[in-house]
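Heads up: the protein sequence lines correspond to chains U and S, in order.
Sequential numbering of the first sequence, starting at 1, is according to the numbering used here.
Sequential numbering of the second sequence, starting at 1, is according to the numbering used here.
Since the hints were made in silico from the structure, they are not lab data.
Wrong hints could be hidden among the right ones.
[As the list claims (entries may be wrong)] Quick look at which bits of chain U chain S covers, simulated, 3 or more residues with Cβ under 8 Å: (1) 17–25; (2) 64–70; (3) 106–118.
Treat the numbers as computed from the prediction; the structure is a model and nothing was measured.
Glycine included, C-beta positions come from ideal geometry on N, C-alpha and C.
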Amino acid sequence: MKNNAHLVLCVDDEVVGLRVRKILLERAGYHVVTAVDGHSGLEIFAAQPIEAVVLDYSMPGMHGGEVAKRMRQAKPEVPILLLSAYVGLPDEVSSLVDVYMTKGEGAPALLDKLGNLLALPPASHSSGGPKDGSV
Amino acid sequence: MELKRFKRTLLQVLILPIVACLVLAEVLVWQIAGSNSTVTQIERSDRRIALATSIEKYVVDEETGLRGYQVTSDPRFLLPYTSAQAPMQQAVAELQSLPSPGQDQALAQFVAEHRTWRQGFAEPIIATIRAGGHATDDDVNLTGRARMDTMRALLDQIARDSERLSAERIRKWHRQCFLVYAVLVMLTLAVGIIIGLFTRDRLEAVNAAFRRSLDLQRRRAEELFHSEQHLRTTLASIGDGVITCDAEGTVQMMNPVAQELTGWPESQARGRPIAEVFHILNETTRQPVENPVAKVQRLDHVVGIANHTLLIRKDGSEIAIDDSGSPIRNEAGELAGVVMVFRDVTMDRRTRAALLASEKLAVAGRLAATIAHEIHNPLDSVGNLLYLLQHEPQQEEARHFLEIAQTELARVTQISRAMLSLYRESRAPVPVNLRDMLDDLLLLMESRFNSLGVHVSTELPPEITVDGYPAELRQVFTNLITNAAEAAGQGGDVTVRVIPQVPDPSPSAWRPAGAIVEITDNGPGIAPEIQDRLFQPFFTTKGEGGTGLGLWVSQGIIRKHGGTIRLDNHADGSGHGAIATVFLASKPVLDPGGD
Numbered sequence: 001m002k003n004n005a006h007l008v009l010c011v012d013d014e015v016v017g018l019r020v021r022k023i024l025l026e027r028a029g030y031h032v033v034t035a036v037d038g039h040s041g042l043e044i045f046a047a048q049p050i051e052a053v054v055l056d057y058s059m060p061g062m063h064g065g066e067v068a069k070r071m072r073q074a075k076p077e078v079p080i081l082l083l084s085a086y087v088g089l090p091d092e093v094s095s096l097v098d099v100y101m102t103k104g105e106g107a108p109a110l111l112d113k114l115g116n117l118l119a120l121p122p123a124s125h126s127s128g129g130p131k132d133g134s135v
Numbered sequence: 001m002e003l004k005r006f007k008r009t010l011l012q013v014l015i016l017p018i019v020a021c022l023v024l025a026e027v028l029v030w031q032i033a034g035s036n037s038t039v040t041q042i043e044r045s046d047r048r049i050a051l052a053t054s055i056e057k058y059v060v061d062e063e064t065g066l067r068g069y070q071v072t073s074d075p076r077f078l079l080p081y082t083s084a085q086a087p088m089q090q091a092v093a094e095l096q097s098l099p100s101p102g103q104d105q106a107l108a109q110f111v112a113e114h115r116t117w118r119q120g121f122a123e124p125i126i127a128t129i130r131a132g133g134h135a136t137d138d139d140v141n142l143t144g145r146a147r148m149d150t151m152r153a154l155l156d157q158i159a160r161d162s163e164r165l166s167a168e169r170i171r172k173w174h175r176q177c178f179l180v181y182a183v184l185v186m187l188t189l190a191v192g193i194i195i196g197l198f199t200r201d202r203l204e205a206v207n208a209a210f211r212r213s214l215d216l217q218r219r220r221a222e223e224l225f226h227s228e229q230h231l232r233t234t235l236a237s238i239g240d241g242v243i244t245c246d247a248e249g250t251v252q253m254m255n256p257v258a259q260e261l262t263g264w265p266e267s268q269a270r271g272r273p274i275a276e277v278f279h280i281l282n283e284t285t286r287q288p289v290e291n292p293v294a295k296v297q298r299l300d301h302v303v304g305i306a307n308h309t310l311l312i313r314k315d316g317s318e319i320a321i322d323d324s325g326s327p328i329r330n331e332a333g334e335l336a337g338v339v340m341v342f343r344d345v346t347m348d349r350r351t352r353a354a355l356l357a358s359e360k361l362a363v364a365g366r367l368a369a370t371i372a373h374e375i376h377n378p379l380d381s382v383g384n385l386l387y388l389l390q391h392e393p394q395q396e397e398a399r400h401f402l403e404i405a406q407t408e409l410a411r412v413t414q415i416s417r418a419m420l421s422l423y424r425e426s427r428a429p430v431p432v433n434l435r436d437m438l439d440d441l442l443l444l445m446e447s448r449f450n451s452l453g454v455h456v457s458t459e460l461p462p463e464i465t466v467d468g469y470p471a472e473l474r475q476v477f478t479n480l481i482t483n484a485a486e487a488a489g490q491g492g493d494v495t496v497r498v499i500p501q502v503p504d505p506s507p508s509a510w511r512p513a514g515a516i517v518e519i520t521d522n523g524p525g526i527a528p529e530i531q532d533r534l535f536q537p538f539f540t541t542k543g544e545g546g547t548g549l550g551l552w553v554s555q556g557i558i559r560k561h562g563g564t565i566r567l568d569n570h571a572d573g574s575g576h577g578a579i580a581t582v583f584l585a586s587k588p589v590l591d592p593g594g595d
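Chain U extracted, bound-state conformation (with noise of 0.2 Å):
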């Protein structure tokens, strides 16, 4: 796993915890970029190769339902795991990533549901567009 360490943006506002996911992903073998908010998720986004996205819902300035729609449109192919603290996002958000997850599902959870998005062929989890299929 490490010698083929995938590279994730995390983003969110809340400083710890971003902190301890990082920890938590770098000790499963991924490289970890953050950000604490959206703007800034969005530029280090377009600017590396990201390869997948662990995206907060609610945060200041602008929510993770905005950050995700912004990716969507600048890579598609990108796998986004969705985190709130929130049960029942609306629809428009939640069919707009890969996975949607409330926070406190626990670990195992998280890293098991990215390591499936990072095992399957970009067009299989990507959620539709029109790059579907282009890699």
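For this one, chain U is given, so just place chain S on it according to the hints.
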């Protein structure tokens, strides 16, 4: 018909028959007087006949006496002659005193004839015989005889004339009697008709007036009846209970709602003292409350609605009511009774309680999402840290992870404590540290501010305490701060400021010690057209997102705390933004009925 005219009519009806009868009597008297004079004349005629007959007898006596003396020369035979002389003169004088038209001449002839007979015939014969001579000359005797016949004829004429006159007068008397009868009958008839007609006319006038006044009376009675019916219907249709009492506080009338509410039928309640029928207690203390009727009697003006009154019904059950009493005044302005109006507020209370609970739930609901978020974030970190610890043998790192986990758990505890205190009900007011309370609230709402993109700053003095119900005050400030944050919007600023207030003893601006909490935003401010409606229930500018109860409930809570709440636009001329100002006294006089 007025009394004066009626009395005049009565007098007329009395006077007219008397006057008419007097006139009738006068006519009768006049008629009878005429008839009486006729009777007098008849008597006079009869007297004349009698006198004429007597005179004739005296004349015969004279002649008889003279002839006997002539034949016998005996003076005794001459006695009738001499004795007839005086009564005859008397009778003639009486006859002369009874004059009669056409007979006076005959009487005068008779007197002359008799004097001639006596002086020229009788006296010479008597003188001759006394002298001893004889008077047997036939010629002389024949002359005497002729004169005597003439005298008799004259007397007969007088008697016959008198008889004729008497007969005429008797006929006249009969006519007069008939006339009296006729006049009597006709006058009686006429007077009767006049009296009858007049009386009928007067009676009809009285009757018409009587009927008119009867009509008027009936119409008035009808109007009164209708008006009373109208009032009764109105009273019966009033949705509130209405009881009227006299000035002594005795029940006189109850409308159906009052009967329903008190449980007393009007028939049983009438005449009873009001306190027995309308038995009320203070809801909180359960002490008897002064009856509105007694209060009106004491104060003599309208007494208003008392809060928290319980009405004990006839069957002992209780209902919450609002009541008021008003004096009924008579024309002189004196207290004639009291009217009491009251209504069942049980449903009002329940509705109000339901609204308050609903708003409380809405606040809880709004916070629940925030709280879930607040708790899930640290829990997520703790979960992740535990996972790392399971797979992390390195001592140093493990210690670090545990530290982070402890911090995160402490955050969860803080949030859950803040949440608990938000909904903990306290029965009695307790000292509330405004700074701690506002800090807790802001902590709970932090993520909400984050997602709204609102920056919140505070200016809180270290220690400022007011007495109150913490859960309710939290509800108020949650509302006000949420409103401010939502109004400020993305990139906006909200300032929460607590300003201690020293007491102001001046009578014009009396204010106890306390604190002012100011929540300022730089949103669009309050539109002038909604300023007046802000504190009305169900008024919201948030569409589906708001219950419209927040400010209404907040106002109730602050009033209950003896404080004030106001919402204004910035007065500093900065152009926009609203400012919510809440004053709370440190030691307020709490009004438990304020909510």
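Evaluated hints:
no.: 1; hint: 17–25; result: holds (count 6)
no.: 2; hint: 64–70; result: violated (count 0)
no.: 3; hint: 106–118; result: holds (count 4)
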